[in-house]
Each structure stands twice: as structure tokens, then as C-alpha cells.
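From first to last, the protein sequence lines are chains S and R.
Residues 0 to 308, numbered by numbering that gives the first Met the number 0, are exactly what the first sequence covers, in order.
Residues 0 to 302, numbered by numbering that gives the first Met the number 0, are exactly what the second sequence covers, in order.
Source of the hints: derived by calculation from the structure; they are not laboratory data.
A virtual CB, placed ideally from N, CA and C, is assigned to each residue, including glycine.
Careful: at least some of the hints might be erroneous.
[As the list claims (entries may be wrong)] One side of the interface only, derived from the structure: several residues of chain R facing chain S at Cβ under 8 Å: (1) W43; (2) F140; (3) N232.
[As the list claims (entries may be wrong)] Sample of chain R residues lacking proximity to chain S, with all beta carbon distances greater than 12 Å (derived): (4) H77; (5) A82; (6) W85; (7) K216; (8) L219.
One-letter residues, chain by chain:
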Amino acid sequence: MRHGKYRFIIGFLAAPLAMYAVFVISPFIQAFQISMTDWSGLTPDMNFIGLENYDKLVHNDLFWQALWHNVIILLVVPVVTLGLGLFFAFMLNVGGRRRKGAAAVTGVRGAGLYKVVYFFPQVLSITIVAVLWQQIYNPDPSDGLLNSLLGAIGLGSLQQSWLGDPNLALICIMAVMVWCSVGFYVVLFSAGMSSIPSDIYEAALLDGATRGATFFRITLPLLWDTVQTGWVYMGIICMDAFAYVQIMSVQNGGPDDATQVVPLLLWKTAFRESSQYGLAAAMGIAMLIVTMVFAVLTLRFSRRERVEF
Amino acid sequence: MTTDTVRVEKAAAGQRQATRTKRRWRASEGGVLNVFSHAFLILWALMVGVPLLWAVWSSFKTDSQILGSPWSLPTNLHFENWARAWTKANIGQYFLNTFVVVGFSTVGTMVLGSMAAYVLARFEFPGNRFVYFLFVGGMAFPVIMVLVPLFFVLRNMQLLNTVPGLVLVYIAYSLPFTVFFMTAFFRTLPTSVAEAALIDGASHSRAFFQVMLPMAKPGLISVGIFNILGQWNQYLLPLVLNQGETKQWVLTQGLADLAVQQGYKGDWSGLFAGLTIAMLPVLVVYAVFQRQVQAGLTAGALK
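The shape of chain S in the complex, shown without the other chains (with noise of 0.2 Å):
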């Protein structure tokens, strides 16, 4: 059964192997070379000018600006998402009206057709999302969606220019980037609470526990790990935004830069308003480093005791 063990295995790694060497590593290793160059794209020689590059980002108030704007969406983002999924999801499974011998918690009436719901924007790319909340917040009365709905209710005064205004834009995309993706944590968490045993629950409703209790100290203590995955694929979807800002902002970032992010400034320098592809680099190592921040930061501060069930 040995012979010709290592030709299979060569065989069958090289070309995976090769294609991930050409286009995930080499463009990764060259990103640290080209942020060090004053390299622009159009003259193939480029010039080492070492740390330049972070110096101008340092002190380039709108890197900061995108940088800060990336910071509040990873802080605001995940934990209203993960809150509303874990809600909904314990909604689905716990809040059942009793019926005759079923067991002690039951999950609601149509808990599957929630979810089958709750999971469509998670199914549609992000650039239909982007574009259909574009139209919802048109900023004219009578026009959008929200705003007419607004109107018809008595509410005309809060009729916003949603993403026009510089102090609701980031609010507004933020939003959507929720309604986008709680569908997929009402699932992954009704999964991991379908599996906690409900002689756990059964015991503690019997010791006098409230509904409240259960949820603070069952559900969440069991599903930690799940909550703690769930908090760094948010994390992921926060730190790029790209395509929600990209495709709703005014003028990629607007109004006046009120919802630039990191991603999208890099892009733009490299690929629309200028070719200062070393700048572009450099932004994009800061980005690799808070995004490492962030992952050993959720790993120092989210370690609790497993239990095991």
C-alpha cells in the first residue's frame, strides 16, 4: 500500500498549493514590500522609502476619520446583532405557550417559517441589500419608502434625508448591516439552544427560576462558545463594510466623509482618485494589525470556563 504513496500526495497538493502560493501568499508577502515604496504603477521602478508611507497615514487625519468610523461599527455592529439573534432565537425556542405533554419549554408556533424568513437577506448578496436600502431611505417625503410610511403615520417630523445627513448616514448603513445578518445568528444559535437538554431548564423552572433567569443563566453559559464565534465572523463583516458604504454612501464615504471606512479609502487611493498603490499597501497592514487587535482581544476577554452538558 506504500509504494507510489508520496507521487499521490505530491500529486494531489501541487496544484491547490500552487495556485494558493500565486494568489493568497505572494500578494500577501508583496503587500508589506510595496507599502514601503513610493510606487505609483505607472514607472516600473519603484523606490524604497522604508516606513513613509505609515508616517503620512499617521498623520493623515482621514485614515484616522475611516479608521474611527471602522471602530464604532465593530463596537455598535456585533453587539446588537448577536443580542437581537440570541432574542429572536430564544423567542423561537423558549417562548411557547404550554401545551398538554409537551415539555417544560417549547419553542413557538411556526419556529421553522421564522426562520426561513429571518435567513433571507443572509442568502442575498450584499449589493442587492445595498441597493434596495438605498431606495427604502430615499431622503424625498413622498418618495421613500420610510419616509412616506413616516408621514402616513403621524410621524412627518422624523422624515429624515437618512443617508444625506452627516450625523444618521453611519447610523443608517449600520442598521442595515444588522438587518442583514441577525437572520444568520437566529439560526446558529436556535441550533446550539435545540441541543442544551431540557431537563436543565425543566429543573430550574422547578427551583422557582423566572423565564429571565433560565435565558442568563442556561442559555447564554451553554451557548458561549457559539456566541463567541458568531462575535468574530461579525467582527470580519465590520472591519471591510465596504460594499454597504461603497454602494449606499453619497459621493463613497459622504457626506463629507461621514462614512468613509478604511477599506473604502484604500480603494479609492489605489484605484480611483489616485494610483498611490505604496499608500494603499500601507493601509491595508493597518488593517491586517486591527484586525489582529481585535481577534486577540476577543480571545483575552471572551475566555470563560466550558461547561460541558
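Given the coordinates of chain S, work out where chain R should sit on it, guided by the hints.
This is chain R only, laid out in the frame that chain S set:
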């Protein structure tokens, strides 16, 4: 045996006690919570469902109906919006392009990814762990970071703005998750069947393609759905690596551009028709295979 009996007794006891406490609970907390939870659940279902339905029903309206009264239902069905979006706005062409790119790249990802995963899961050789972590490490860093160098790698290989270029990049960036997932999956499969095939004289590659791959079907379906959706919905990579002629664009590029164009042309009904055309096939496929899709997309997080 004995533990089973104990468990059954315990469960029965629990059932009895639950029945006893049930009366106390039913009137008070259970009922209130039930109404409360249904109210919130329905509210969120509407918040998700209405915008999507709105896009569909708006695609049948005229421009003035869409703008003046966004909530009104269409009076008659203006299918010509759909025709206009399909031909004039090139949605049909974009659809075809996306289909070709995603078709090739998903098949490529699955074949190459499971080949690598099988070798890494089943064979011991020096460097096995190193190669595994090389692949899996790719899941940790953001694509945006390599955007600039990737652009030049493709340009130097004459692959910029071509279908093969996009396919190769999609495959390469789908490998980390595919290898991670399939390696774990191949480890759960029994070794004896493939060994029997080898003793019967099959080669290693024949044992892989004719024995192991069919056995790994559930895992392949999960990760396949994950890859199809991820690649179908990709926006950043084609935006940078496929900036060429309009007729080569994929659906996500086309839609984003349509939204920009529509600002000048004022063809709102065409935009909604384009959105609906892009949305419906995915939603229909999801509605039919929702169990598999939900399992496929959440599989990575539950592992």
C-alpha cells in the same frame, strides 16, 4: 443498559413534575411571554419581508407610481420593466457571466479543495501540519489587505479583466475554508472502506475519486453551498479585478452600476426589475433547499 433505564426514569419523573408545575405557569408567565414573543417575532418578520416584497411589487409599477406612492400596489403588471432590465440594462448578460464564473470556480474549488483536504487528513508526511496551517491561516486575514498586490499579480499574468483570472482568484480565496472544513470531515469517515479498495488493487487516486468522494457527499454539499453563495455574491474582487468592458461584468457589479446610472436616467422601474431578477432565483433556490442552505452556511460556525 442501566444508564439508559435511569435516564428514562429521570425523564418520566421530570415529565410528571413538569405537568404538576404546568398549571401554575400556564396562566401567568407562559401566556404573557407567548404573546410578547409572537409580537416581536412578527415585527421582525415584517421588517425583513416587506422590503423584499416591496422590490418585487415595485418592479411591476411605472416610474411615477414608484416615486409618488411607494406603498401602493401595482395597478397593472408592467412586465416590460423586466424586459428592459434584462436586455437594455444588460442584466441578462451579467447573469450569464456570473453563472459561468461561479460554475467553473465552484467546481474547481470543490475538486482542488477536497483533494488537498484528503491528503492532509489521511496521510502522514513531513510538512503536513505546516501546509494545513498555511491554508487555514488564510481564513484569518482580510482580502482588502492584499487587494493592491493581487491586482498586479493578475496584471503581470495577463489575467486582469478575464474570466479565467476571476475564476482562479475565486478558487484560491475559497480554498482556506474548504480545506479546513473538508479535512475535519474526512477525519470523521471510516478508513476501512478505502483500505479495502486499495487491497483490491485500486490506486490511491481511484480510491479517492470512487470511494472517498461519494462517502463525503454530505460535507461536499454543505461546503459547496457555502462556496456557491459566497462566490455568487462577491463584489469587491470583481470590482477591482474585472473593471474591463461592461459586457464582461458580473451581476453584483452590474446592479451597483445600475443604481448609479438610474440616478441620471431616472429609470426607477428598470432598477427594481433588475433587483428582482437578481433576487428571485437565489430566494427560490433557498426556499426549496432551505434546510441544506441553513446547515451549509452555519456549518463553519458550529464546527
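Now for the hints, and whether the structure bears them out:
no.: 1; hint: W43; result: 6 Å, holds
no.: 2; hint: F140; result: 6 Å, holds
no.: 3; hint: N232; result: 3 Å, holds
no.: 4; hint: H77; result: 17 Å, holds
no.: 5; hint: A82; result: 20 Å, holds
no.: 6; hint: W85; result: 16 Å, holds
no.: 7; hint: K216; result: 19 Å, holds
no.: 8; hint: L219; result: 16 Å, holds
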